[in-house]
Each structure stands twice: as structure tokens, then as C-alpha cells.
Amino acid sequence: MKVARAYNILTNLIQQGFDAVGLRYHGIYIVLKTLSSKETRLVKYHASEDDTFSMRVYELAYATFMINGDNFLEDRSSNIKNLVEVYKKATPAFLDVLQGALNELQANAAEATEYLEGYSYTDKSRGYWTSTKGSGLLLESTTGIQGTSSLGINTTQAAWVIRNDIMDGEVKQDRDFGNSLFVASASNPEGVKKTTQSVKNSREMLDTDRAELAMYGNAENRRRIVALSQGKDGKNVWTADIGTADSMVAQLDREMQGYRDRHDLFIEKHEKAQTDKIRAAQAEDARKAKELRDKIKNQEVFQGHRAVTKEEMDAHIRGEIDLKQVDVVGGEAQGMFKRGKRVLSARRP
Amino acid sequence: MDFKKLCNEIKKETDFRKEVVINGISFTIGLASAEQDATVNSIYAQLDENSDASSEIFGDLRRRQTAYAIKAIKGEEIPELVEVGDKVVERGLYVLEELLPSLPGLMVDALFAVVTDLKAEAKKKIYKEVKFDWYEEDKLLIDDDEEDVELAEKAEADEKAKQAELAEMEGSEEETGVQDPEQFE
Numbered sequence: 001m002k003v004a005r006a007y008n009i010l011t012n013l014i015q016q017g018f019d020a021v022g023l024r025y026h027g028i029y030i031v032l033k034t035l036s037s038k039e040t041r042l043v044k045y046h047a048s049e050d051d052t053f054s055m056r057v058y059e060l061a062y063a064t065f066m067i068n069g070d071n072f073l074e075d076r077s078s079n080i081k082n083l084v085e086v087y088k089k090a091t092p093a094f095l096d097v098l099q100g101a102l103n104e105l106q107a108n109a110a111e112a113t114e115y116l117e118g119y120s121y122t123d124k125s126r127g128y129w130t131s132t133k134g135s136g137l138l139l140e141s142t143t144g145i146q147g148t149s150s151l152g153i154n155t156t157q158a159a160w161v162i163r164n165d166i167m168d169g170e171v172k173q174d175r176d177f178g179n180s181l182f183v184a185s186a187s188n189p190e191g192v193k194k195t196t197q198s199v200k201n202s203r204e205m206l207d208t209d210r211a212e213l214a215m216y217g218n219a220e221n222r223r224r225i226v227a228l229s230q231g232k233d234g235k236n237v238w239t240a241d242i243g244t245a246d247s248m249v250a251q252l253d254r255e256m257q258g259y260r261d262r263h264d265l266f267i268e269k270h271e272k273a274q275t276d277k278i279r280a281a282q283a284e285d286a287r288k289a290k291e292l293r294d295k296i297k298n299q300e301v302f303q304g305h306r307a308v309t310k311e312e313m314d315a316h317i318r319g320e321i322d323l324k325q326v327d328v329v330g331g332e333a334q335g336m337f338k339r340g341k342r343v344l345s346a347r348r349p
Numbered sequence: 001m002d003f004k005k006l007c008n009e010i011k012k013e014t015d016f017r018k019e020v021v022i023n024g025i026s027f028t029i030g031l032a033s034a035e036q037d038a039t040v041n042s043i044y045a046q047l048d049e050n051s052d053a054s055s056e057i058f059g060d061l062r063r064r065q066t067a068y069a070i071k072a073i074k075g076e077e078i079p080e081l082v083e084v085g086d087k088v089v090e091r092g093l094y095v096l097e098e099l100l101p102s103l104p105g106l107m108v109d110a111l112f113a114v115v116t117d118l119k120a121e122a123k124k125k126i127y128k129e130v131k132f133d134w135y136e137e138d139k140l141l142i143d144d145d146e147e148d149v150e151l152a153e154k155a156e157a158d159e160k161a162k163q164a165e166l167a168e169m170e171g172s173e174e175e176t177g178v179q180d181p182e183q184f185e
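Chains A and B are the protein sequences, given in the same order.
Our numbering numbers the first residue of the first sequence as 1 and each following residue consecutively.
Our numbering numbers the first residue of the second sequence as 1 and each following residue consecutively.
Hints were generated in silico from the structure; no laboratory data involved.
Please read these numbers as outputs of a predicted model, since none were measured by experiment.
Glycine included, every Cβ here is placed at the ideal spot set by N, Cα and C.
Be a bit skeptical, because a hint or two may be false.
To be verified - Capping the alpha-carbon separation at 30 Å, the derived lysine-lysine pairs in BS3-like fashion look like this:
{"#": "1", "chain 1": "B", "residue 1": "K11", "chain 2": "A", "residue 2": "K44"}
{"#": "2", "chain 1": "B", "residue 1": "K154", "chain 2": "B", "residue 2": "K5"}
{"#": "3", "chain 1": "B", "residue 1": "K74", "chain 2": "A", "residue 2": "K44"}
{"#": "4", "chain 1": "B", "residue 1": "K131", "chain 2": "A", "residue 2": "K88"}
{"#": "5", "chain 1": "A", "residue 1": "K88", "chain 2": "B", "residue 2": "K160"}
{"#": "6", "chain 1": "B", "residue 1": "K87", "chain 2": "A", "residue 2": "K44"}
{"#": "7", "chain 1": "B", "residue 1": "K71", "chain 2": "B", "residue 2": "K87"}
{"#": "8", "chain 1": "A", "residue 1": "K89", "chain 2": "B", "residue 2": "K5"}
{"#": "9", "chain 1": "A", "residue 1": "K89", "chain 2": "B", "residue 2": "K74"}
{"#": "10", "chain 1": "B", "residue 1": "K125", "chain 2": "B", "residue 2": "K71"}
Unchecked claim - Partial selection, computed: residues in chain B whose CB lies under 8 Å from chain A:
{"#": "11", "residue": "C7"}
{"#": "12", "residue": "K11"}
{"#": "13", "residue": "T14"}
{"#": "14", "residue": "F112"}
{"#": "15", "residue": "A113"}
Using the sequences and the hints given, assemble the complete structure.
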């Protein structure tokens with residue numbers, strides 16, 4: 001259900017005590033309303049649970065608001081009896097249609113109640129609360145509909161009253177806290193300044209959060225719509241917003257599903273570039289090492305040279321000879337290498 | 001408020017009838033009321049799939065449904081309450097106990113088929129012709145998807161504003177060269 005529709009239903013449930021649907025069939029126009037929890041309880045007293053037909057008929061009788069413009073909420077007890085008789089004599093298929101509409105109405109009301117938190121923060125709701133303070137919600141002078149005082153308060157109204165009462169408590173608490181700070185500021189102005197700033201920041205965060213909830217209806221819907229605006233994988237945003245608990249949960253959800261925002265993609269690109277660079281350097285090192293190995297293998301470094309003996313090195317240390325002056329025996333070494341190759345070739349099968 | 005009038009009005013608007021002639025006898029078939037229908041269907045509670053009596057119960061159910069649906073025979077309307085000897089019984093029971101036993105089984109089956117068709121036709125017609133009015137304020141009559149798009153657009157606009165802010169910050173970071181991965185290399 002979408003926010004606008006839910007808020008409309010909630011307004012009806014709170015301000016007139018019920019939501020309604022009209023059914024037009026040829027010359028008959030029936031307006032059905034939602035059942036309050038008190039009416040549902042009353043239905044149970046009229047018929048045993050085994051008698052599903054009677055339960056159904058009584059439910060419809062209690063749910064009937066108007067037929068062809070006549071209000072059935074007035075003189076309720078006698079009207080209910082008569083309505084039960086009317087519905088008992090109706091065609092089963094017609095009763096099925098009425099029952100289907102009532103079920104849908106009830107289901108919509110239940111679903112709309114999930115948006116009550118956001119609705120409570122709207123100006124419309126706070127305004128209505130200020131004018132009524134939650135008392136006399138079903139009075140005919142409040143609803144403007146005759147007979148509403150016999151309906152009994154519904155669960156949405158009860159929950160709405162509790163929510164608004166809590167918010168009023170917060171306002172009072174803030175005011176008292178402000179007064180306490182004012183008194184304390186005489187003895188510890190610096191401390192009070194810090195505390196005031198901290199409280200102001202938390203209050204601003206709370207207000208922002210509530211304004212968002214009023215826009216989206218509830219936290220779940222906010223998460224859904226924000227995710228929609230960011231694209232399924234969140235790639236439309238630079239960094240996912242994690243300013244609130246909900247957005248943090250949304251981001252964790254995305255991460256767990258492997259989705260990445262632009263910041264993640266940036267980091268990934270950077271990491272890839274670094275890895276490629278290291279790999280290229282490693283490949284270059286490997287190439288150079290191979291070149292050296294090939295060079296050694298071909299004996300290029302030994303051509304025309306021989307190793308210095310221990311005795312020559314000792315003499316060099318003693319200063320008796322200069323190593324630069326030592327003759328090479330390249331020709332002999334070459335000859336030994338060639339002989340060795342011949343021997344090895346002869347051994348091959 | 002005249003409930004009798006209201007009752008008759010609803011009855012009139014939801015009354016479905018069909019004329020059928022079987023073996024030269026004309027029957028007017030209508031629909032049972034919701035209460036009668038519930039009484040007839042309560043027989044289902046006696047059904048036991050494993051019992052041999054199930055077929056008998058189904059047979060009885062068919063006969064009862066047919067009995068309650070017969071409104072007139074040979075054009076003569078049967079009143080809601082009928083006097084039988086010193087008893088007064090309702091029309092459905094009168095037809096069930098006094099008339100149907102005298103009719104051949106095949107004729108009862110044919111009548112039952114008509115009743116079933118009529119019920120289906122009535123249901124189809126009522127469901128098709130009932131119009132619903134969901135009371136909503138005009139300004140709130142927004143298509144569900146449209147609202148999603150609107151909210152998503154708003155969230156997107158917020159996000160763009162955030163990005164613009166970020167871009168400004170990036171502009172100041174440009175001097176430090178951290179805005180593109182290439183510059184790390």
C-alpha cells in the first residue's frame with residue numbers, strides 16, 4: 001500500500017471512527033464500514049463460532065453504515081436485528097459480494113495501520129490531536145456523523161492517542177530540561193553550552209528522522225523507496241547514506257548481496273590498478289631474470305675468463321699480485337666445455 | 001425506516017428466475033435466500049468421505065437445493081408458507097416432501113442442472129455489475145506507481161544535492177589529487 005492511500009484510510013479511521021466503501025448494484029446503494037474491535041467482540045456474542053452463517057450475517061449488519069442514504073448507525077440495537085433479517089433473505093451471491101468488500105476494507109485498514117508511525121508525525125495528525133487531545137473522538141459533534149458514539153473506539157485511534165501522548169510528553173520533557181539548563185548555566189556555563197549543543201544535535205537528528213518517516217510512512221517503506229532511488233545495486237550514488245540506523249541496515253543489506261555504490265567501485269578500480277601495476281613489475285623482474293639465466297647458460301660470462309684461485313686471492317690480499325694482471329685461460333676452458341658437450345652427446349641413446 | 005420495503009427492494013434487485021418446461025410441465029426456478037442456502041449446505045457437515053452414505057447425502061443435497069429453488073409450477077406461484085394438514089411449512093420443505101417424491105428422478109436431475117446454471121449466471125451477473133466506490137480525497141487519488149516514482153524522484157533530487165556538495169568538496173581535493181584512482185598510480 002502506498003503512503004497517500006494509507007494516510008487517507010488512517011484519517012478516516014481516526015477522524016470518523018471507520019473507513020468505508022460504497023457498493024452500487026442497480027437501485028441499491030450500500031455503504032459498508034470497517035468493524036471496530038469492540039464490534040467484532042459483540043458479533044461473537046450474537047452467534048456461536050460454529051454457526052459461520054450467523055457470524056457472517058451479524059458482521060455484515062454491524063458493518064452496514066448506510067443503505068440508499070439511510071444511516072443505520074442511529075438506533076443501533078433495533079437496526080442490527082432488522083439488518084440481520086434483511087441479509088438472511090438476500091441472494092447468497094449478493095452476500096458474497098458484500099462479504100468480499102468488507103474483507104478487503106478490513107484488510108486495507110489493517111495494512112494502513114502499519115503507516116501509523118509516519119502518519120502521527122504529519123502536521124495534519126498533530127493538528128487534529130491539538131484540537132481534540134484524543135478525547136471525544138467518536139462524539140457526533142467531532143465526527144459529524146449521527147450514531148458514531150455507539151461504535152466504540154477502534155485500535156487505530158487507541159494507538160494514535162498513545163503515540164501523540166508520548167510526543168506531548170517529549171515536548172514537556174524538553175521544556176523542563178531547558179529550564180534545568182538555564183538554572184545550571186549560572187554555575188557551569190561551559191558545561192551547559194556543551195550539553196545544549198549535544199541535545200540540540202540529537203533533537204535535530206530526531207526531527208529529520210521523523211520528517212522522513214512522515215514522508216515515507218514507516219521505516220520499511222523509506223528503505224524501499226530510498227533503495228529505488230539509488231537503483232537496485234546502489235550504483236547511482238557516490239556513497240550510500242548511513243546517517244540513520246535504517247539506511248545503515250539498507251547499506252549492509254546491499255553489501256551482503258554484493259551490490260556496490262560508486263565509492264565501492266572507485267576503490268575496486270584503484271585496487272585493480274595497484275594489482276595490475278604489481279603484476280607488471282613482477283613480470284618485468286621475471287623477464288630480466290630469465291634473460292640473465294639464458295646468458296649464464298650460454299657461458300657468455302665465462303668466455304675468455306676463469307675463476308680466481310684461493311692462492312691468487314690470498315696473494316692479492318697480501319699485495320703480492322694484482323688480480324687485473326692474472327691471465328685468463330679462456331681457450332682451455334672453451335676446450336673443456338666442448339669436450340664435455342661431446343661426451344654428453346655420445347651418451348645419448 | 002421501512003425494513004420490509006428495504007428487504008423487498010434488495011430481493012427484487014437480486015432476484016433471478018428462469019422458466020423451464022420439462023415433460024410438458026413448466027417450472028419457475030429462482031434462487032434460495034442466503035439463509036435457506038446455508039440451511040441446505042449445512043448437510044455437508046454430515047459428509048464423511050469414507051462412509052457409504054456419502055452418495056445418499058449428495059443425492060439429498062441435490063434434492064433440497066432443487067426444492068428450495070422451485071418458485072412456481074405451471075405458472076402458479078407457491079407461497080413462502082404452505083399449509084399442509086394442520087401444519088404450516090415453508091415452501092422449500094413443502095416442495096421437498098410433497099412434490100419432489102412424485103416426480104421421476106431424471107426430472108429432478110434435470111431441474112437440479114437448471115438450478116446450478118442459474119446460480120452460476122446470477123453470481124457472474126452480480127459480480128460483473130456491482131460498482132465499488134472507495135472514498136478517497138481527489139488529491140490523493142494518485143496511481144500507486146506514480147507515487148513511488150514521485151518519492152523516488154524526491155529521494156534522487158536529495159541525492160543529487162548531496163553529490164553536488166560532494167563535488168564541491170572534491171574540487172578542493174583536486175589539488176591533493178585523490179579524486180581519481182588513476183592518480184594513485
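Hints, one by one, checked against the model:
no. : hint           : result
1   : B:K11 x A:K44  : holds (27 Å)
2   : B:K154 x B:K5  : violated (55 Å)
3   : B:K74 x A:K44  : violated (45 Å)
4   : B:K131 x A:K88 : holds (22 Å)
5   : A:K88 x B:K160 : violated (61 Å)
6   : B:K87 x A:K44  : violated (35 Å)
7   : B:K71 x B:K87  : holds (20 Å)
8   : A:K89 x B:K5   : holds (13 Å)
9   : A:K89 x B:K74  : holds (25 Å)
10  : B:K125 x B:K71 : holds (20 Å)
11  : C7             : holds (5 Å)
12  : K11            : holds (6 Å)
13  : T14            : holds (4 Å)
14  : F112           : violated (16 Å)
15  : A113           : violated (18 Å)
Comparing the model with each numbered hint stated earlier shows that hints 2, 3, 5, 6, 14, 15 do not hold.
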